[in-house]
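*Asks:* Each chain is listed here by its residues.
There are 4 protein chains.
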Amino acid sequence: MWDKCGVIGIVSTEDVATPIFYGLRALQHRGQESAGISILAEGGAVRTHKALGLVDQAFTSEDLARLSGRLGIGHVRYGTAGGRGVENAQPLSVESVVGTVALAHNGDVVNAPEHRERLKLKGWGFVSENDSEVVVRMLANELAQTHNPVKAIKDLMSKIRGAYCFLFIIGERLFAVRDPLAIKPLVLGEVDGSYIVASETTALDVLGAEYIRDVEPGEILELTPHGFESHSVANEGSTAHCFFEHVYFARSDSVLDGVLVHDARSRIGARLWEESPADVDIVVPVPDSGRAGAQGLAEAADLPYKEALIKNRYVHRTFIMPGQDTRELNVKLKLNPIKRFIEGRRVMLVDDSIVRGTTMRRIVHLLRDAGAKEVHVRITSPPIVSPCYLGIDMHTRDQLVAANHSVDEIRTMIDADSLAFVSLPGLVGALGFSQNSLCLGCVTGAYPVEIPGERLRSQTSLGQFKEAGKVEKKTV
Amino acid sequence: MWDKCGVIGIVSTEDVATPIFYGLRALQHRGQESAGISILAEGGAVRTHKALGLVDQAFTSEDLARLSGRLGIGHVRYGTAGGRGVENAQPLSVESVVGTVALAHNGDVVNAPEHRERLKLKGWGFVSENDSEVVVRMLANELAQTHNPVKAIKDLMSKIRGAYCFLFIIGERLFAVRDPLAIKPLVLGEVDGSYIVASETTALDVLGAEYIRDVEPGEILELTPHGFESHSVANEGSTAHCFFEHVYFARSDSVLDGVLVHDARSRIGARLWEESPADVDIVVPVPDSGRAGAQGLAEAADLPYKEALIKNRYVHRTFIMPGQDTRELNVKLKLNPIKRFIEGRRVMLVDDSIVRGTTMRRIVHLLRDAGAKEVHVRITSPPIVSPCYLGIDMHTRDQLVAANHSVDEIRTMIDADSLAFVSLPGLVGALGFSQNSLCLGCVTGAYPVEIPGERLRSQTSLGQFKEAGKVEKKTV
Amino acid sequence: MWDKCGVIGIVSTEDVATPIFYGLRALQHRGQESAGISILAEGGAVRTHKALGLVDQAFTSEDLARLSGRLGIGHVRYGTAGGRGVENAQPLSVESVVGTVALAHNGDVVNAPEHRERLKLKGWGFVSENDSEVVVRMLANELAQTHNPVKAIKDLMSKIRGAYCFLFIIGERLFAVRDPLAIKPLVLGEVDGSYIVASETTALDVLGAEYIRDVEPGEILELTPHGFESHSVANEGSTAHCFFEHVYFARSDSVLDGVLVHDARSRIGARLWEESPADVDIVVPVPDSGRAGAQGLAEAADLPYKEALIKNRYVHRTFIMPGQDTRELNVKLKLNPIKRFIEGRRVMLVDDSIVRGTTMRRIVHLLRDAGAKEVHVRITSPPIVSPCYLGIDMHTRDQLVAANHSVDEIRTMIDADSLAFVSLPGLVGALGFSQNSLCLGCVTGAYPVEIPGERLRSQTSLGQFKEAGKVEKKTV
Amino acid sequence: MWDKCGVIGIVSTEDVATPIFYGLRALQHRGQESAGISILAEGGAVRTHKALGLVDQAFTSEDLARLSGRLGIGHVRYGTAGGRGVENAQPLSVESVVGTVALAHNGDVVNAPEHRERLKLKGWGFVSENDSEVVVRMLANELAQTHNPVKAIKDLMSKIRGAYCFLFIIGERLFAVRDPLAIKPLVLGEVDGSYIVASETTALDVLGAEYIRDVEPGEILELTPHGFESHSVANEGSTAHCFFEHVYFARSDSVLDGVLVHDARSRIGARLWEESPADVDIVVPVPDSGRAGAQGLAEAADLPYKEALIKNRYVHRTFIMPGQDTRELNVKLKLNPIKRFIEGRRVMLVDDSIVRGTTMRRIVHLLRDAGAKEVHVRITSPPIVSPCYLGIDMHTRDQLVAANHSVDEIRTMIDADSLAFVSLPGLVGALGFSQNSLCLGCVTGAYPVEIPGERLRSQTSLGQFKEAGKVEKKTV
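Residue numbers (our numbering), protein chains in the order written: chain A, 1 to 476; chain B, 1001 to 1476; chain C, 2001 to 2476; chain D, 3001 to 3476.
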C-alpha cells in the first residue's frame, strides 16, 4: 500500500562499500524488494552490484570486497513504478559524455511519463519502463550541452516536477539533490572525514556519524572528502514534507526535518485522545505501526498500555502478499491476541491508518473473539481520501475506503464500537509544522505540485476539508 | 546460545499439511535452521518434505499440496546436536516391522551417546550423528519385539533419560510423548474435530484451536480423529519445567504449564525492582527479550518505560553470526539508541540474561555514547553458572561469564553503574511454581536428571546457592 | 533404460579428493544423477560431500579443498533402486564399532529385499529405501562380531548374492570387493605410489595410471600406500561378465576384462554383416551407441560409413526424459539427418539394441523423410527378452518389445525394410569370451545367480535359444 | 577463442515460443552463455524471458507457457563484446515511438564504438556497454523520423558497417536483416504456414521446415503469416562469407550459403593430403572439430581413419575455462587416447585450427605417451595471423601464435614430426567459393570492411600471402 525507497551516498578517504551496506540495512524498512551499490573505482569506472532481496541477501562479503572505492551510492527499493525484477533495481548507470553517471532515486517524478512520450517522439528509445531511466538520460543529455554537472542538474530540475531525492555519481563526483518542496527526507552527516547523505538519520546513527542538517528544499549538494558545497535552486518559499513519513513510513528513531518520529507519533496519539475519548479499560496498539501513537494516547488518557496483540516476526509483511484473500488470512497468521489482557475489557485499538478497511475489520474480530467487551478504534492519520502521486504506492480512489464512505460507514464495516481519526488541525499541530509546510495530498485531495485532474494545495484551505476529529459511535 | 526445537502433530478428518505449516510458523521462534513435515498418505506410506531455512522458505504451496493426508507431524529445528545441513532436519523416518515410523523430537536424550556406543558394540551401524536416529531405531527395535506401539514406547522410555517431547507416527497412528519430568513444554488442543499437540499454545491460537491441557509428565498420548487416549508412565511425582522457557525462550503470548509467559516475565521484573532498586529516571528494555520484564519493573517502580533502543528487524539474529567479533559489531548494527530519551538520564536497562557479557557491555556503551548519565543493569534470570544438558545450546562453563566471575566482576566488565540479577527465591516465587517443580540446572548446577559429573537436584537445596539478588554498585 | 553406477577408490601419500574428482568425471557416463566423495581425514574421521547433478556441478574447488586426506572413495549414480534425491546419493556412511564405514556401491544385491524384511523383524529400522543401507549395516553388524574387516566382508559375502562392486572405507583402511561371478567391472591401477580401483580403465587413464589387472571374481582387495593385499573368497570357477557393458554401457576406450570395448563392438558389427548382409549403399550409425559397431560392419562389408545422423549434444539424454511421448519427441530434437548423404540411398542403420522399439521407429522415419530408399536395421545385441535383475535399469517384460514379439513383428513395428539382430553365438564369439563366462540373462532369460521365478544359467544351453541371427525382410 | 551467437525468428498462426525454444536448442552450439525469447503478445506488448545458461536451463515449460503469441524472436549468446551477465543477454527491447522494438543480433558492428562516442556527445546516455543498445536506439531514433520500419532500417544500415544479422520486432512486425556482405549466415524456411529465419539450417530441420533460401546480402526481409516481403539495400556486388563458419563454427549438418558443411570440411581434408602428404599408418581426428576433415583426408589418402582420441562429453568445453593452466590440464581430462590404435604407429593428426598452440602441443604429447612413433599434424585452415573484428572472439595478435612465428617454429613448439596448414588457394577451392566471396581477414590480414589500422581486402590479392601449404618437417 505505502512504501518508498531508501538512498545513501558516501565520500570518504577509505573504502565506502561496507559503510554503504550497513547504511542500507538501517534503511531497509524503506524497501525490501532489491538492493544495490555503485562505487567509483580507481581510474574513474563505476562498478555496480544489485540484486533482489534484502540487503543481507543481495550482498556477500565478496561482493563488497569487489566494490573497492571511496565514493559511492546505495539504494533499497520497494517499487512505486515499473514491475519487479532485478532490471528495475538501482543504482542505474548511463555512459555519458563526461563518463559514467549513476543514479539512486527516491521519489516520483510526476511528469516523467510526459517526458518519456515527448522524448520517444524525438527518437529516444527507452530500454526499461523505469522512470529513473528518463531522469538519468535527460541528465546525460544536459551534460552533453554543458559538460557542467551543476548546470546540467539545474536544467534537469527546471524540467521535472514531483517528489525526489537524487544521488548522482557524475564524472567522479557525488551530488545529492532534493526537490524544491523537500517532499522526501534527505539528511547530511559526517564521521571521521566521511560525508554522508541518506534518507533517514538511522543510517547516520549506525555509522556513528553526526547529523549536520537536512538537505534543503531545492538544494544541490556536492560532497567531497573535504566537506560539501551547496548550490541552491530558487525554491518556492514553502515546503511540502510528506506527513505520512512521520505517521507511518520512517523508523520511529529517525529525526525527520528536526522532529523525532517517535515523539511526533506520541503527540498525535495524545491529541487523538483529547479529540475522541471513550470509556475504555486498556489501550492496545496494532504492532508495529500503532505502537508510538498508542503509548502517547495511553499516557494522555492515564490508561494501561497493553501489547495484547503479538506479531509473528517470521511471517512476511502483510502487504507483500498478492490478492485480497491472502491478505486477510495473513492478519490472522501474523497477530495473536493475548486473551488474558483482553477478556471482558473495553479496548481502545490504535493504528496509523485505514486504507481498505479489511485488515482492521479482521483485527477487531480477533479482539472480539478473544473476549473484548468493546473495541474502540483510533487512527493517527486523517482518512485517506485521495491517491498519492508522489512516491507512496497507494493506487486508486476505488481502493481507498475513506474516499467513498463516511466515517460511520467505515465504523460499521470494521465492526467497531466507535471509530475516530485524528483531525487535520490536530495532526498538523501535533507534528509541529505549519499546514503549508506539509504535503497532505492524500488526506485533503489538494497537492503541492500540479497533478493533472487534481487540485493544487495553494487553491485550498484546511478549513474546507471533511472534519475527521469526530467520533462515530455504534448506536445501541 | 540458547535455543531449541518446535514440534506439532495433528489428526483430522481433513488434510493436515497446511494447518501443520501454519502451526510451524507460530513456532518459528523455536528454530530457524530447518523445517519439515511428515504426512501419513493414503495407503499407509509416510511422505516427508524437509528443507533448510524458515518455514516460509522450506515449503511452497506445491510442496504442501503433495503432502496429502489426515495425520501428520512437523518440526522446526535450531540444532542442539549434530551439524547443520538438511540431513539433520526432522521429521526422521525408519522402515520398521510395523511400517514407517516417523519422529519429530524436541529436547535432549542425555544418555543417547551411551546407547549409541552400546548399540555399536551390538553391531548397529548409525548412518547419522543425530541422536534422534538412536531414539527412532531403538523404538523400531522394541516394535519388533512387541508389535505394540504403546508398549514399545514405554520400553523405550524406561531406557532413556533426559528432556524430550516425541511426536511419533507409528503404523498409521499418532503418538505424543513427554518426558517424566515434563522438562519441555507440550500442549494439547482441539478445533472442529482436529486434535493437535504442539510445543506452545501459539500454534493452537493460530489454528483457532481450544487449549485442552498440557501433556502430563511421562504421558503417552494417542491422538485420533475421535479424541485422544492417555497411557501414563509412572512419573517421579515431581516435575522439572525448564525455567528458561519462561524467562526467554517461549513467545510472550504462550501459556506454559498454565502460566502466561508475559505475566511471568512482568512479575520477575517487579520482583527485581523490589530486590534491587536504584535512583533512576527511566526504564529501558533490551528489545525484544527484556521488554516484558522491563514493563513489570517500570510499573512496580512507577517509572517511565521507554523503548529507547530501536531494533533493526532486518538484521539476522545476533547469536546466529559466527565468531565473537561479528557478534559485537552486530549489536551496534541492530540496535539504535534514541538520544532524546537517554541524554542526561539515569537509565535502568533490563534484559533476560547475561551469558558472555560482551553483548551487554556493548549496549551499555551505546547508552553512554547517547548521553546516559548512569546505566543500571537488571537481569530477569539468576546468573548462569552451569551448562544446560537438556536441550538449550549453552556450551561449556568457560563461555559462561558468571561461572567464573562474581557479580561485581561482571559489573566491571560490562561497565555498568550497578548490576543485579533476580534472586533464585525471587525467580521461583514470581514464576509461581515450587522450587522442585522447575529445572534450574543452569543457575544452580544441580540437575533433575543424572548427568555424569554434575550434582542431582535432589541432593541440594536452594538455600545453599550463591545469593543473586544483591546489587553490586560502582564504587565512586 | 540401461544404466549403472561408477566407483573409484584411491590410497596415496598425497591428497586424493582431486584425483577422485577427475576419476569420477571419466566415469560420468555411468551415472549423471548424483556424485559423491568420502575421504578419510586426519584423525580417522570420514568426511563426505555429495550432491545431485554432474561431477562438475556437484563439486566446487572449495568442496574439494575441504576434503583433505590420503584415502578416499567416490561414486556417480544413475539409480537402479530407490527414488532420486540426494538422500540416495553415495558414498553412504555408518558409525560402527570400528569407526566410520563408508560404502560406494555399483550393482544390485538381488536378495537385499529379503534381508531387509528379515532384519526388520529383528528390529532393524531402516532410515532409507536404499539397498546399500542394508549392505553397510549388515557389514557393521558383522564388524561388531569380529572386529576384523576381512572376516566381516567374507561373512557379508556369504549372505548376499548378486552383481556388486563394493568400495569400503573401514576403520581407516580401503577395501575393494567384486562379486564371485565378476558381473560388474572393476580394475586396479597404480601411478606414483597411488593405488587405484575403478569401474573402468578410463579413470586410470585420466590419472596417468598404469592398469595392473582386473579385480578377480570374489576377490577382497585391500589397498595401502605400499601396494595391495588380496583375500579371495572361493569363487564358483566361472564368471558372468555382463555382456551389455561391452555392447553399450562402457566407454569405447575402456578395456573390460582384457578386451578393448571399441574392438569388441567393431567385431560384433563385422559378424552381424556376415550373418545378415543386404544390398545397401551406405552404413549409418545411430550416434553415439551404434558407432563402433557400424564401423566394423562397414569395414567388413567394404561399404561407405557415413555419420548421416547428427546429434545435438546440448539436449539431455533421451532416456532421462519422463513419459513416452517426450521420449519420442526427443529423438526428433536430438538427431538431425544429413539429407545429402541419405537421399536416394539404401541405408544400413546400426544400433546396439532395441528395447521398446519406439525410438528406432522414429529414427527409421527420420531417414525415410530425408529420402532414404530403403532402411535396413542391424542390431549389435541379440533381442532383449528378459529383465535384468543385476544392475541395469530395464524394468519389466511388458516393456521389452522382443519379449512379446517376433523379429518380423518388430521389423513391421519399426517400419524397416529388413531387421537383424546379431546371433547369440555370433555375439559370444565376437566378444572373445566363452558362453559360460558371460551373463546373458537379458537375452536368454537364464541367469547366473538365483532369481526367484527365473531359470538359472546352469540349467540351460545356448542352443535352445531363439535364433537371432536370422534376417527378417519386408515382403514386397 | 572463436564463437558467436545464434538467432531465430518465427511468425505463425499458432504460438511460437515452443518452436523458438526448439530452434534455439538446434543453435545451441553457437552460444552457451545465455538464452532469451521475445514474443509479441496479444495487444501489442512484447514479453521477454532471458537467463544465463543453456536453453534447457534458461527456460522452464512455465516460462514458455507465459510467452503466448504468434510472432517472436530468440537468441543464444556467446558474447563477443560486453561482460557476461544476464544484463547482456538478448533479445534487447526499447520503447519507441512506434511501440516496442526488440532485437536479436548476431555479429559485430565495427563502427558501433564510434557511433557510441558520437551519440554521447549528442547527449545520449547509454545504460549498457553492449553494442546492441547502440543499434536498437539508433533504430528507435530513425523510427521517430520516419515512422516507417523499412526506411528506418535502411537509414540505420547506411550508417553502420560490419558483420550482422538482425532480427527485429518493430510495431508488431518481424524483420530480418543481413549485412551487405552477408558475412554471417542467415537462412529462411517454412513449415505449415510458419515462416522462419535462423542462423543455420539445423534450426529449420528440427522444426521440420523446408529451407527456402538464404537471406541475401543487404536484404531486409519482412515475415508475415502469409509469406515474406523483400526490401533490398543496394549491395556491394560481392560477398564476404566468413570462411571460419565452414571450417569450425557451424554444425556439420548445416547447409551454409548452399554448401553442406560436412562436405566442405571433407574436401579441405582431401586437399590437405594432396598438398602435404606424409608416410603415416593412420589418420586420427581431434574430436569433434577435426572429424570431417580427417575423414576426407583419410579417404583421399586411402588410410585407416581411427577415432583414437575419445572425448569425455561431460567435461565443459576447453575454452570456457579461465586461465592458461586449467586449459592445458583440461585437454588431458577431456581426451583419452586408445593405446591399441596408436602404439607403434605413425599418426596423422587432423584439427581445424591452431590458435595459441598450447592445446595442440598437449595432444601431440598425449599421442606420444600412448606410444605413437610419429605425429604429423594437419590443419584444415590456414594459419591465423590476424584478429577477427567481425564476430569471432579472437583477441589480439599477441595471442595468435601464427602471427608471430613461422610454421616451422610452430612445429617445434607443438613437438610434431611435421606440420602443415591448408593453403589459401586450397581452402578457397575446397569451399567452392571464389576468393572474393569470402571473408578471409584472420588468415590474410585483409578485411572486407574498413577496420582502422588494417588493410582492406580490395587492396590485396591472394598471391601475396604467406604460403601455408608447405609442410614443415622435423629435421632428424
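Think of the hints as simulated: they come from the structure by calculation, not from any bench.
Even glycine gets a Cβ: it sits at the ideal position worked out from N, Cα and C.
Among these hints, one or two may not hold up.
[To be verified] Listing some non-contacts, in silico: residues in chain A with all C-beta distances to chain B over 10 Å: (1) Ser-252; (2) Pro-277; (3) Asp-279; (4) Leu-333.
[Said to hold, decoys possible] The calculated label-pair distances, taken between Cβ atoms and stated as ranges, are: (5) B:Arg-1313 x D:Glu-3062: 30 to 38 Å; (6) A:Ser-406 x D:Glu-3129: 17 to 25 Å; (7) C:Lys-2151 x B:Lys-1151: 32 to 40 Å; (8) C:Gly-2371 x D:His-3231: 33 to 41 Å; (9) D:Asp-3302 x C:Glu-2343: 40 to 48 Å; (10) D:Thr-3018 x A:Gln-399: 34 to 42 Å; (11) A:Glu-62 x B:Gln-1145: 38 to 46 Å; (12) C:Gly-2043 x B:Glu-1042: 26 to 34 Å; (13) B:Arg-1313 x D:Gln-3057: 47 to 55 Å; (14) C:Arg-2066 x A:Glu-299: 54 to 62 Å; (15) B:Gln-1145 x C:Ser-2458: 13 to 21 Å; (16) B:Thr-1358 x D:Glu-3117: 52 to 60 Å.
[Unchecked claim] Pairs of lysine-lysine residues, derived as DSS-like cross-links and limited to a Cα-Cα distance of at most 30 Å, are as follows: (17) A:Lys-154 x A:Lys-120; (18) A:Lys-373 x A:Lys-470; (19) D:Lys-3339 x D:Lys-3122; (20) B:Lys-1120 x C:Lys-2122; (21) C:Lys-2122 x B:Lys-1154; (22) C:Lys-2311 x C:Lys-2473; (23) A:Lys-311 x B:Lys-1311; (24) C:Lys-2151 x B:Lys-1122; (25) A:Lys-154 x D:Lys-3339; (26) A:Lys-120 x D:Lys-3120; (27) A:Lys-159 x D:Lys-3122; (28) B:Lys-1159 x C:Lys-2311; (29) D:Lys-3311 x A:Lys-159; (30) C:Lys-2311 x D:Lys-3311; (31) A:Lys-154 x D:Lys-3120; (32) A:Lys-122 x D:Lys-3159; (33) B:Lys-1311 x B:Lys-1339; (34) C:Lys-2120 x B:Lys-1120; (35) A:Lys-311 x A:Lys-474; (36) B:Lys-1339 x B:Lys-1473; (37) A:Lys-151 x D:Lys-3122; (38) B:Lys-1122 x C:Lys-2311; (39) B:Lys-1122 x C:Lys-2159; (40) B:Lys-1120 x C:Lys-2151.
*Asks:* Quick check: which numbered hints come out false for this structure?
*Replies:* When the structure is compared with the hints, numbers 1, 4, 6, 9, 11, 12, 13, 15, 19, 25, 28, 29 and 38 turn out to be violated.
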